[in-house]
Amino acid sequence: MSEQKRRSEDDLLDGYFEAVRQRERAQPDLWERVRERIDPQPSAVGRGLPRRPVLARATAIAALALVVVAALSLSPLLQGDEASVAQAREILDRTHVALLATPDSGVTSAIAQIRIERASYASVEQLSAEPGAQEIETRRIWWGGPTLWRSETDIEYRRDGAPAEAEPGWLLGGVTVSDGDRVWTFSDVSPGVDPVTGETVGPVVHAQPRAGDRQMPIEMPLAVVFGDVSSPLSGGAGLEALLRNVEECFVAELDGTATVAGREAHVILLRPREVGKVETGPIAADSCHAALAHEPSERGGRVAEQTLALWIDSEHYFVLKAEKIVYLSGDAYPGVSLARSEVVGVQFDVEIDPERFTFTPPEGVEVIEVSGS
Amino acid sequence: MDQAMASRPQTDDSSVVDSPADRSTVGTGPLEDERWAVLACRAGDRNAFRLIVERYGDLLSGTAYLMLGDRARAEETVQDALVDAWRGLDQFDAERPLRPWLLRVLVNRVMQVRRRKLFGLIPLRETRFEIPATDPAPEVVAEREWARDAVRQALGRLEPDAARLVFLRYFAELSISEIAEVLAIPEGTVKSRLHRARGQLRGDFARRGILGEELR
Chain A
50 MSEQKRRSED DLLDGYFEAV RQRERAQPDL WERVRERIDP QPSAVGRGLP
100 RRPVLARATA IAALALVVVA ALSLSPLLQG DEASVAQARE ILDRTHVALL
150 ATPDSGVTSA IAQIRIERAS YASVEQLSAE PGAQEIETRR IWWGGPTLWR
200 SETDIEYRRD GAPAEAEPGW LLGGVTVSDG DRVWTFSDVS PGVDPVTGET
250 VGPVVHAQPR AGDRQMPIEM PLAVVFGDVS SPLSGGAGLE ALLRNVEECF
300 VAELDGTATV AGREAHVILL RPREVGKVET GPIAADSCHA ALAHEPSERG
350 GRVAEQTLAL WIDSEHYFVL KAEKIVYLSG DAYPGVSLAR SEVVGVQFDV
400 EIDPERFTFT PPEGVEVIEV SGS
Chain B
11 MDQAMASRPQ TDDSSVVDSP ADRSTVGTGP LEDERWAVLA CRAGDRNAFR
61 LIVERYGDLL SGTAYLMLGD RARAEETVQD ALVDAWRGLD QFDAERPLRP
111 WLLRVLVNRV MQVRRRKLFG LIPLRETRFE IPATDPAPEV VAEREWARDA
161 VRQALGRLEP DAARLVFLRY FAELSISEIA EVLAIPEGTV KSRLHRARGQ
211 LRGDFARRGI LGEELR
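Read top to bottom, the protein sequences are chains A and B. Each position in the first sequence, counted from 1, maps to that position plus 49 in the working numbering. Each position in the second sequence, counted from 1, maps to that position plus 10 in the working numbering.
Isolated chain B (complex conformation) (with noise of 0.2 Å):
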């Protein structure tokens, strides 16, 4: 997809685009074809809003899943997050990641849900994970599949506002100070709750019996 990202996509109207002072203003850094997509999608270029929606269609699905709980609700609560992202995308600052605005739109949505309290907030209604087929044996495969359910039943246990700034730092990778911008909370308080909810889920995972074991 990057290689794809990379390359110029069909525009429905290139002239609005495809011309030099547009691709001057981009900049030649490694989110060059973001911020290039999102000029295009300012200009109205509907395929640019496309490869946006691909690249990070699965985060934010993801992220949805896990914080809502609900397979289709999340895969609206998405669809509605990209649609408010495309209406406002004028007013993102290009020179910025999009990658923190699009999960800041997205749990928007989510909070919007949340308020009123009609989805619950476990990940993963299922704890089948399709195991590779490389592992070496059943026991293994049993015991990783075994800490996965705990993890996940322990981060149901967290408090909502916890588990969203466990999800955004460990599975959308966030940084500190941009899950603080995608929650407008201070830093401190990211690090303070973030630390908080890991003691939690350590003395969750240590009387799972799960921590500390060897790895294998």
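Chain A extracted, bound-state conformation (with noise of 0.2 Å):
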């Protein structure tokens, strides 16, 4: 190897993941309890997959809202920022029993528009978005049970507040429709000729069937459709993570309520405990630091300064907004970035036409099924 030789993302890559390689074993006895499971004679027709163990979480589920409760009915009577905070680790913990009772709900159905915006508005060409871009992405969802939804998403590229053209191969929005037996998939793909590959691109179907002996339910449970509006906001980690870690990484306080698509929201900003801090070590595969951006400082990651805050539905404890706007100042990379969704409408156990669970190929376009192998 070139002692001239320039260190490339590919080589850090390969670097990474060779080591994850050289450590990351299947468990000794994988073939064991693997064994155990199968039958001797494979794809019995008609025979549904395993149920996993549900003991467990529902233990978690009853114990967590056994917290709750004791909280609610003990919760002393605080003034000032004390109640805030009070009264916002409450909101949460009941968004918490909320995600985790998922699908149990109680809402039958439900339509709703979710606006999600993306941008970067940073100095530097070495970040992850080039200054200026923006992407908007729509998505509106009509769901009638965890297996009988659908959702249609169209995407903007914006570059200095002007529209921007896609390149081949983007994608520029889609529908996906679960109809009880199969989930459909439209990617509507910006055509023309890869200018990489010199292949030409452009929109299709694909077609994955849910029953069979073989292939794994697709559910989409609502408190998940909801859940998604927070991704911004809590990063790699999810939601779930980021509710169960919060008190670990923020300060959370109820700011009031606001209206969101017409709803009442209780509004929950959260502050990084520990802005500035600066960390050589891990975020935590769990941890609600996954949510925190962090910069680069000489051999250490800092906690950015940013602002975070949620947005959660008074009734039902979902998330109808979620806000994350970081500042990279006083450094050698300058800028702003921001990811927001938002829950533009939305209405609750209403009667959906039944042809919106229905799916039917736009002419021309490419079906691939992708049931078999």
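Keep in mind that the hints were calculated from the coordinates and are not lab data. Do not take every clue at face value.
To be verified - Stretches of chain B that chain A covers, calculated by requiring three or more beta carbons in the stretch to come under 8 Å of a beta carbon on chain A:
id: 1; stretch: 63 to 74
id: 2; stretch: 195 to 207
Said to hold, decoys possible - Which residues of chain A face chain B? A partial, calculated answer using Cβ under 7 Å:
id: 3; residue: GLU58
id: 4; residue: TRP80
id: 5; residue: ARG86
What the hints assert, rightly or not - Pairwise CB distance ranges, derived in the manner of DEER restraints:
id: 6; chain 1: A; residue 1: THR249; chain 2: B; residue 2: SER185; range: 15 to 23 Å
id: 7; chain 1: B; residue 1: PRO107; chain 2: A; residue 2: GLN71; range: 19 to 27 Å
id: 8; chain 1: B; residue 1: GLN101; chain 2: A; residue 2: PRO411; range: 23 to 31 Å
id: 9; chain 1: A; residue 1: GLU364; chain 2: B; residue 2: HIS205; range: 41 to 49 Å
id: 10; chain 1: A; residue 1: GLU214; chain 2: B; residue 2: PRO107; range: 32 to 40 Å
id: 11; chain 1: A; residue 1: PRO240; chain 2: B; residue 2: ARG106; range: 23 to 31 Å
id: 12; chain 1: A; residue 1: GLU364; chain 2: B; residue 2: PRO107; range: 45 to 53 Å
id: 13; chain 1: B; residue 1: HIS205; chain 2: A; residue 2: GLU297; range: 30 to 38 Å
id: 14; chain 1: B; residue 1: ASP171; chain 2: A; residue 2: GLY305; range: 31 to 39 Å
id: 15; chain 1: A; residue 1: ARG189; chain 2: B; residue 2: ASP171; range: 16 to 24 Å
id: 16; chain 1: B; residue 1: GLU64; chain 2: A; residue 2: GLU205; range: 45 to 53 Å
Where a beta carbon is used, it is the ideal one built from N, C-alpha and C, also for glycine.
Each chain sits in its own coordinate frame; assemble them with the hints.
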């Protein structure tokens, strides 16, 4: 290896994953464990997949609910900041319970429209998105149950406030329909010739059956629909991890109520406990630290200055809006990035035309069956 | 293990699979042993499935761990996926590569877990990698460890969809078309999302100061 060679991102990724390969081995008794669960005659027609044990989860939910009820009944009358912190904690606990209780939210159907915006106003080209780049996604959802739903998405690309043309292969939007038997995914891919491979690309439909002895059921509980609203805030860790560990990383305060999509919502502000903290250690996989942006500083990461907020439905405790603004100031790479998701319209327990849960592939669009091998 | 795979394993009921007809259908290509194993599994030979488990156990376990960030859950998910694979092998086209199909079965399981939002997606909770004893100097070891930790954190900042693409591309070493098959999305979408993910990682690495350094 030449000493003159400079390290590229491929070198870094290859080195990292090689280290993972060296240490992440299958459990020694994997075969014995699998053997215990497989039958001598595979693929018996009509045999369903084994259900996962739910006892542990149900116990956890019950325990959590008990804690919340106890907290509510014993909650002292607090004043000022202490009161808002305690109230925020109770609301976040209820949100956590609602998420874990999925799909038993009590809601039978829902229609929602969600606007998701991601933007980078950074001043250096090394940042993940180019300066001034903006991506706006509009998602419309019809939900009639975990296996009966429709999601329509439009994606708009902008540069410095003006519409930007999508390159061939970029996703412009799509439709996903779960009709009870299959999940149809229409991907509206920007047509043209891929500049890298020279291949012609364009819209395509994928169809995946839900039923069958080898296919996994594809479910989307309603709490997951709204949990996704919080994705800009929770980063890679997911809303559940953030809520479970929120005390560790954030000071949460109730900042009154607001109306989101015509519904009353609690506004929860989340302040990182250790802005500016330099750390060199790992970010735990299931920690809310994953929600915090980090800046480089010599050989360490720094918790960036940022504002985070959640708007939580005061009736169902779904997340209606989430916002994260990161300020990269006083650094060699100043800039601002914004991620915001917001439910702009929602109705619960409404009658939905069954036609919404059907799908006919657009004429002339390739349909790929993904049910086989 | 490859040598073991090339030889005929012990079977629960060898009369089911040890026929010239079965042997003739498996071809002579590099994946002949896998094709044979699939056919044997379909006939109910659990020992043939053991060969598949042992060949791909590490790959599936590493991929599940990267995607779930929780070793216990990853182990459970790999077991579930392998049971799914056993039951689904009769619908698998033995003329096609087994590796992406197994990964697709695994990703389906991972997605089930993640849809329930029970687990996060940051790979490798621990940062201490075992450094080979041949490393020349402590500062080189420390620098390498630092870089790996920075990569781990950068991967953790990717959106889950993007991280999955990176894991399948760089860890599982799948081609673009194989990733498209595993995730059931168009190849163009794979490319554009991968391009975007690489851009984000590149920026992250640059800010960390680990990009462009001389390799030692």
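To see whether the hints hold, each was checked on the structure:
Coverage of a stretch by a chain is defined here by at least three residues with a beta carbon nearer than 8 Å to that chain's beta carbons; for the stretch 63 to 74 of chain B and chain A the count is 7, and the condition holds. With 9 residues having a Cβ less than 8 Å from any Cβ of chain A, the stretch 195 to 207 of chain B passes the three-residue criterion, so the hint holds. The beta carbon of GLU58/A comes within 5 Å of a beta carbon in chain B, closer than 7 Å, and the hint placing it at the interface holds. Taking 7 Å as the C-beta cut-off, the interface hint given for TRP80/A holds, the closest approach to chain B being about 5 Å.
A cut of 7 Å between beta carbons decides the hint on ARG86/A: the least distance to chain B is about 5 Å, and the hint holds. In this structure, THR249/A and SER185/B meet the distance hint of 15 to 23 Å, their C-beta atoms being roughly 18 Å apart. In this structure the hint that PRO107/B and GLN71/A lie 19 to 27 Å apart at CB holds, the actual value being about 24 Å. At roughly 28 Å, the beta-carbon separation of GLN101/B and PRO411/A lies within the given 23 to 31 Å, and the hint holds.
The beta-carbon spacing between GLU364/A and HIS205/B, approximately 42 Å, falls within the hinted interval of 41 to 49 Å. In this structure the supplied range 32 to 40 Å holds for GLU214/A paired with PRO107/B, their Cβ-Cβ distance being about 37 Å. Checked against the hint of 23 to 31 Å, the C-beta distance between PRO240/A and ARG106/B comes to roughly 28 Å, which is consistent with it. As the Cβ distance of GLU364/A to PRO107/B is approximately 50 Å, the hint placing it in 45 to 53 Å holds.
At roughly 35 Å, the beta carbons of HIS205/B and GLU297/A sit within the given window of 30 to 38 Å. In this structure the hint that ASP171/B and GLY305/A lie 31 to 39 Å apart at CB holds, the actual value being about 34 Å. At about 20 Å, the beta-carbon gap between ARG189/A and ASP171/B stays in the expected band of 16 to 24 Å. GLU64/B and GLU205/A have their C-beta atoms about 49 Å apart, which keeps the hinted 45 to 53 Å range intact.
In terms of the numbered hints stated before, the structure departs from none.
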